[in-house]
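Protein sequence lines, in the order shown, are assigned to chains A and B. Our numbering puts the first sequence at residues 161 to 286. Our numbering puts the second sequence at residues 41 to 497.
A hint or two may mislead.
Unchecked claim - No farther apart than 30 Å at their CA atoms in a straight line, the calculated lysine-lysine pairs in the DSSO-like style are these:
| # | chain 1 | residue 1 | chain 2 | residue 2 |
| --- | --- | --- | --- | --- |
| 1 | B | LYS177 | A | LYS253 |
| 2 | B | LYS459 | A | LYS274 |
| 3 | B | LYS443 | B | LYS255 |
| 4 | A | LYS237 | B | LYS70 |
| 5 | B | LYS92 | A | LYS253 |
| 6 | A | LYS217 | A | LYS253 |
| 7 | B | LYS177 | B | LYS362 |
| 8 | A | LYS245 | A | LYS217 |
| 9 | B | LYS296 | B | LYS308 |
| 10 | B | LYS293 | B | LYS227 |
| 11 | B | LYS296 | B | LYS362 |
| 12 | B | LYS418 | B | LYS443 |
| 13 | B | LYS123 | A | LYS165 |
| 14 | A | LYS221 | A | LYS245 |
| 15 | A | LYS237 | B | LYS123 |
| 16 | A | LYS209 | B | LYS177 |
| 17 | B | LYS255 | A | LYS274 |
| 18 | B | LYS296 | A | LYS165 |
| 19 | B | LYS92 | B | LYS256 |
| 20 | A | LYS211 | B | LYS459 |
| 21 | B | LYS153 | A | LYS165 |
| 22 | A | LYS274 | B | LYS153 |
These are computed hints drawn from the structure, not numbers from a lab. Just so it is clear, the structure is predicted and the values come from calculations on it, not from any experiment.
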Amino acid sequence: MPDAKLTIQVGAFNGTPGFMIDDLIIEPNTLSMGDHSMTFSYNYGQSVKFKMFGKNKFDTKIDDENNIVEDKFILIKELCIDYMKISNWQFHKHIWNPYFAYNNQERVLTIPNKESLPLWYLNLQN
Amino acid sequence: MSCDVLFTSVPYTVTEVAPAAPAVLIGMLKHHGYCGKFYDFNNLTLDNELVKTFALGVNPNDPVKLDQIYRYHVNQMLAYNPKYIGISLFSYQCISSTQLLCIYIRTMAPDVKIILGGPGLSHNGLHGTNMGAEWQKLSLCDFWVKSEGENPIIKILKDDYVSTPQWEQILALDEFPIPDYDSYNWKLYNNRIPITGSRGCVRQCTFCDIHTHWKKFVWRSGKSIASEMIEQSEKYGIYDFAFTDSLINGSMKAYKEMCTALADYNNKNPKHKLTWSGQYIFRPANQMPDHIWKLSAEAGLTEVAVGIESLDESIRNHMRKKFSNNDIVYSLESMKRYGIVGNFLMLVGYVTENEETIQNQKDMFTQLREYAGNAIRKVAIGSTLAILPGTPLASMANEIGVKLGKDENDWVGLYSDQKTRLQWREDLIEHCVNLGFYVPEHTGQDQLMTAGSVLHA
């Protein structure tokens with residue numbers, strides 16, 4: 161099984177959120193605010209589930225004009241799997257919004273099989 | 041059919057000459073008892089707009105079709121049953137294609153190891169960002185080789201190589217076996233065999249990174265070069281050669297020796313006279329007297345590409361080009377006399393370029409109009425000046441009032457910004473065309489946007 165390297169940004173308010181990548185569980189308040197990298201194993205054709213948890217309704221600070229000034233969140237900045245690096249903008253445009261803002265918010269990434277991987281790569285370039 | 045290493049070129053490089061590097065490495069492999077072959081992916085897809093536009097960074101409008109094209113060519117490569125595929129990147133315009141090709145090879149033939157090499161492996165010139173190390177981390181390649189590949193390729197096959205940005209320049213070029221073109225499909229090229237007589241350059245031009253990459257100018261003996269040309273022509277029945285050197289006449293000693301041997305051969309073999317062309321430097325009459333021009337023509341010199349860069353002497357002096365306008369006129373007279381044609385390689389918008397120097401250039405082109413179509417076959421007005429990392433210009437940027445920008449072309453100097461330089465370039469092209477010079481339209485647009493000029497326009 162190849163390894164993937166995920167780079168995330170963690171936002172903190174009343175602590176930091178928990179994060180799950182399939183069976184890999186990072187408990188709330190384990191990560192500090194800022195950027196972190198983590199590795200996980202995957203298989204071609206497999207679906208990988210990302211989930212943020214450990215956030216409640218008081219974990220977002222809003223100013224008088226309703227702007228978020230501090231928040232507990234996870235943002236995927238970059239994912240390196242074999243042969244390619246998927247940037248934040250590619251997530252936004254082609255995959256899904258990589259900003260996890262709500263408690264128990266889940267996103268599933270289906271990694272293509274080897275046959276369809278090159279075409280997937282091509283489509284991510286647009 | 042099987043081989044140890046299949047070398048391939050990648051889009052996008054416009055050239056009529058067969059790539060030299062794969063044949064050099066195949067010759068080296070053969071000398072050590074290995075087998076190498078060549079598949080010219082670049083040339084075979086040169087007319088394909090989809091392949092070209094993807095290589096040049098444009099989003100593919102038909103990814104499914106592009107997928108089919110790449111799969112077809114990778115299957116063709118895999119038909120050679122190679123243990124390694126060596127991808128040769130001629131320029132940074134090969135980077136996107138290489139990345140994609142690696143993904144196809146990895147997914148279609150995971151057991152085949154991938155080697156990357158060539159000057160195109162780095163962005164922004166020879167001292168720019170090295171893609172090899174980054175791609176190795178992404179498992180896109182197994183090895184990458186910086187600069188000369190003769191020794192690394194053997195070490196890779198002996199499982200004794202670790203990719204590194206450090207390299208030691210080969211100083212004795214005569215010691216290596218001659219290139220092997222047996223697997224080349226000559227129908228793809230204009231029956232011209234590439235040949236390399238030297239590496240590096242005798243000049244230290246301010247805009248160029250050649251001399252900071254190749255620390256020494258090294259050359260083969262004239263006899264060795266002539267001997268290779270004769271041997272290759274007899275083997276392949278091709279009698280025209282294209283030198284890959286930064287300049288053919290860097291060492292006048294070796295040059296005279298080569299011309300003497302080739303002129304002698306041509307006199308004795310009138311039915312199979314050898315001809316050749318390459319990049320040249322103009323020299324004053326005391327360094328390149330008339331009888332050497334005459335000897336050059338007898339030896340088969342038909343065409344030279346000269347990095348004139350600017351027809352304003354003050355600019356050339358700043359560039360350290362070391363020849364005068366009188367030397368240009370002298371050389372053109374000799375070329376006209378002996379039937380040698382020239383391509384002027386021009387670079388517009390040097391750091392000291394201004395309205396006055398542009399006018400000086402126009403005036404000089406007007407003076408040279410009698411050579412249009414004869415001694416000056418073509419004026420290649422390449423890209424505007426790009427300031428590359430590792431060049432003297434990049435080092436002296438502050439002291440000459442140049443503010444570097446987001447890329448090599450986006451700099452602002454005392455006299456120009458990019459918009460001004462592009463306008464000067466347009467003006468100069470128009471002036472030359474009006475005078476009757478042949479100026480290829482596309483030069484410098486979708487070609488190499490690096491410092492210096494464009495040869496294969």
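Outcome of the hint check:
no., hint, in the structure
1, B/LYS177 - A/LYS253, "holds (25 Å)"
2, B/LYS459 - A/LYS274, "violated (46 Å)"
3, B/LYS443 - B/LYS255, "holds (27 Å)"
4, A/LYS237 - B/LYS70, "violated (48 Å)"
5, B/LYS92 - A/LYS253, "holds (24 Å)"
6, A/LYS217 - A/LYS253, "holds (29 Å)"
7, B/LYS177 - B/LYS362, "violated (44 Å)"
8, A/LYS245 - A/LYS217, "violated (34 Å)"
9, B/LYS296 - B/LYS308, "holds (18 Å)"
10, B/LYS293 - B/LYS227, "violated (36 Å)"
11, B/LYS296 - B/LYS362, "holds (21 Å)"
12, B/LYS418 - B/LYS443, "violated (33 Å)"
13, B/LYS123 - A/LYS165, "holds (29 Å)"
14, A/LYS221 - A/LYS245, "violated (33 Å)"
15, A/LYS237 - B/LYS123, "violated (37 Å)"
16, A/LYS209 - B/LYS177, "holds (24 Å)"
17, B/LYS255 - A/LYS274, "violated (44 Å)"
18, B/LYS296 - A/LYS165, "violated (59 Å)"
19, B/LYS92 - B/LYS256, "violated (35 Å)"
20, A/LYS211 - B/LYS459, "violated (49 Å)"
21, B/LYS153 - A/LYS165, "holds (23 Å)"
22, A/LYS274 - B/LYS153, "holds (17 Å)"
Violation of the numbered hints given earlier is confined to hints 2, 4, 7, 8, 10, 12, 14, 15, 17, 18, 19, 20; the remaining hints are satisfied by the structure.
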